[in-house]
Amino acid sequence: MDEIKHVITGDVLIIGSGLAGSMAAISCLEYGQKVIVVNKGKMCWSGSTAVCGGNDIAVCFPEDDSALWLKAFVESSDYTADQNWIEIFLKESYTQLLKLEKLGEKHGLEIFPKQNGAFWRINRAINPFRTVLCNLYSALKAFSKELKASNAVLYERIMITKLLEQEGKITGAIGIHYRTGEVYLFQAKAVVLATGCCTYKADLFDVCGEGYTMAYEIGAKMMSFDRGGAIMRPKDVMRGGLLCSSASSSMANALGSKLVNREGVDIKEHMTEEEKKLGRMGQDRAIQREIEQGRGPVYEDFINLPDTVKTVLSQLRCAAVKRVQLEYGKNPFVETIPMEHVEQTITPDQSNRMGGVWIDCTGQTSIEGLFAVGDASCPKISFQHPYNGSDLGWALLSGGRVGKYVAQYCADMTMNSQSDLNDIQVRKEVARYRALLEKKDGVRPDELKEMLIQIMIPYDIRHCNEKAMVQCLDKIHDFIQQDLPRAKAENLHELREALEVYSMAHVAVMIVSSELYRKESRVGVRREDYPFMDNLHWKKWIGFVKHENQMCFFTESIPENLYEIPDEVNTPFVTRL
Amino acid sequence: MSIKGIDKTLCVNCGQCYDICPNDVFAIAEGKVFVKYPEDCQSCALCLLVCPKEACKIDNMRPTALPARGRI
Ligand SMILES: Cc1cc2nc3c(=O)[nH]c(=O)nc-3n(C[C@H](O)[C@H](O)[C@H](O)COP(=O)(O)OP(=O)(O)OC[C@H]3O[C@@H](n4cnc5c(N)ncnc54)[C@H](O)[C@@H]3O)c2cc1C
Ligand code: SF4
Ligand code: SF4
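Heads up: the protein sequence lines correspond to chains A and B, in order. Taking the working numbering, the leading residue of the first sequence gets 49, the next gets one more, and so forth. Taking the working numbering, the leading residue of the second sequence gets 14, the next gets one more, and so forth.
A hint or two may mislead.
Claimed, not checked - From the structure, some residues in chain B lie toward chain A, with a derived Cβ separation under 10 Å:
1. 24
2. 33
3. 35
4. 36
5. 37
6. 43
7. 47
8. 50
9. 52
10. 54
11. 55
12. 56
13. 57
14. 61
15. 67
Hints were generated in silico from the structure; no laboratory data involved. Cβ coordinates follow ideal geometry from the N, Cα and C atoms, glycine included.
Use the sequences and the hints to build the structure in full.
Here you go:
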């Protein structure tokens, strides 16, 4: 491995090219910046956006009732949404949608499917508002075409592992090409972190919290990791079928698809009102009951949908449709396919909106010149349930508007030339890669990932009390001190994984310590020992920052400029997973 | 794991699956594309989407996570 083969310089370095990073790159280009984009996977085709494929996005249309959106954001986030950002969402989200729509048109791609000539909006069962259907595969194709045709410099298959900072200002980043082993040094006036979230779950392996770990390590303020979001996937779930995801099946439900039992009866008819409000947990419970009472299997029924709906679903879920067709040799829009029972162990499901790097209303973090967008930033307008359009809406909004502020920042800055300090940081990082590759006896990263997940399994919604959390945290610390140093990488693929598991372990600490700090139940985290919401004492965001190698926690009051949060204690808490 | 392999009777070794896979599941040796790290497949079906020959074999289930995944 060479020390450094490539030194690349630009105004702004964008790390990650999912929805947020791609929007950020395009918006920085609009403002005349010299843009570098680096992505761990293929340019524009990795991360949550590529997996989530086609779904629906939260956007406030001009004809919408703003008060309804405001109420929905504030209440569905258990009051934790940032009201300043909600105001920005109300004013600007539609502009970003139009920008994306135009980009699609430019490249001959329909990003937003139409119904009777208008944007196709749906009402999901758990949402009080209407989201808009979006074909993210088309969006990613359009981003890729646009970026390739622009003067942005693009690098794929490079994993950034360290941010460079000097005197509180960002100066660049270091990464490794995990197919060639070459080391890259990027130097820029500004950096936009668009690295997505950190997932421990089975359907998304490539976003592992590096953005969080790297930002924390250079002293950035971190926020809201106490919202575990959908902490645990229910144990017995019915998965498979066409859409293969609760988000997309709830989207399909909104479009009229049904889950039917063996007798062809819509299982909703047997669901209690409480189950209907509980989203996927309620649905899973109902499916389970159908089977136990001899009315299984349960089918996803797409065959009775109008042709226009079948067409839009087959476009939005094109990858899943192709998979089903090849697997079963059946067209799911012609024949029903039974959902199969997946007996899975409970798995931590902490992806999406778990917290992130603190940002102000321009997207800038507490480190000068470091911006964060999408899942990498702390959730400003997210609901309790992660998959109802607000996260995609956030990626679109936060990425799409950041260019202006990056350009303003860069205009006042001169480029730092590579300093001795940066040189030391680079050498240290290269030594870190080398040590992992050269280690003879040790543990492979896959095994380490499994060990970490095993530690987190017992700590779930049902056992969420101080004792269980402290035990879990102790075990994660032991893992970091005793097991992680034993990591070895037999090749570059394993080097990538070893660097990933390092982040996952550190993000696990961020999550569990933040949740432990909050002494009440809120945003997806039900505490057995504090079962109620307590607005009197905990109307606060929880954040932390690295100080003398320690995580120092702080709280910030949640602004109430638009919507007054009731000062009440013992508010009943409902988990909407 | 959910990638079952490549049907070599159909595959033309165009490398598109290798090019798109977010998790680097495929590798190329002597011009031939093969599945090298099946345990890292997240079942996203992006390889199916780009494969011109429908040669990637993936089962319909999402990976069942633990303990089926991984080497322990
Ligand atoms: C299965 C699933 C279903 C979902 N359904 C919905 C839904 O219905 N509605 C909704 O609103 N949201 C949904 N979400 C969430 C939504 O997809 C995300 O919030 C959104 O896509 C985030 O976009 P992003 O650009 O911030 O991050 P991502 O799309 O995750 O992009 C991050 C990018 O950064 C790259 N990267 C990561 N680390 C590095 C590194 N170290 N160096 C270089 N590059 C790096 C990754 O490869 C990736 O390309 C879903 C998510 C999943 C996983
Ligand atoms: S995309 Fe299909 S045809 Fe091309 S190498 Fe992969 S499996 Fe073979
Ligand atoms: S399904 Fe996705 S993760 Fe699995 S091999 Fe194909 S592209 Fe890679």
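Against the structure, the hints come out as follows:
1. 24: With Cβ-Cβ at 14 Å, over 10 Å, it is violated.
2. 33: With a minimum Cβ separation of about 5 Å from chain A (threshold 10 Å), the hint on residue 33 (chain B) holds.
3. 35: Cβ of residue 35 (chain B) sits 4 Å from chain A, so the hint holds.
4. 36: Status holds, d = 5 Å.
5. 37: Holds, because the Cβ-Cβ distance from residue 37 (chain B) to chain A comes to roughly 6 Å (cut-off 10 Å).
6. 43: Result: violated, 16 Å to nearest chain A Cβ.
7. 47: violated, 14 Å
8. 50: OK, holds: residue 50 (chain B) within 10 Å of chain A, min 6 Å.
9. 52: holds, 6 Å
10. 54: With a closest approach of 8 Å, the residue 54 (chain B) hint holds.
11. 55: Constraint on residue 55 (chain B) satisfied, holds at 5 Å.
12. 56: holds, 6 Å
13. 57: Where the cut-off is 10 Å and the nearest Cβ of chain A is about 5 Å from residue 57 (chain B), the hint holds.
14. 61: holds, 5 Å
15. 67: holds, 6 Å
Taken one by one, the earlier hints fail for this structure at numbers 1, 6, 7, listed in ascending order.
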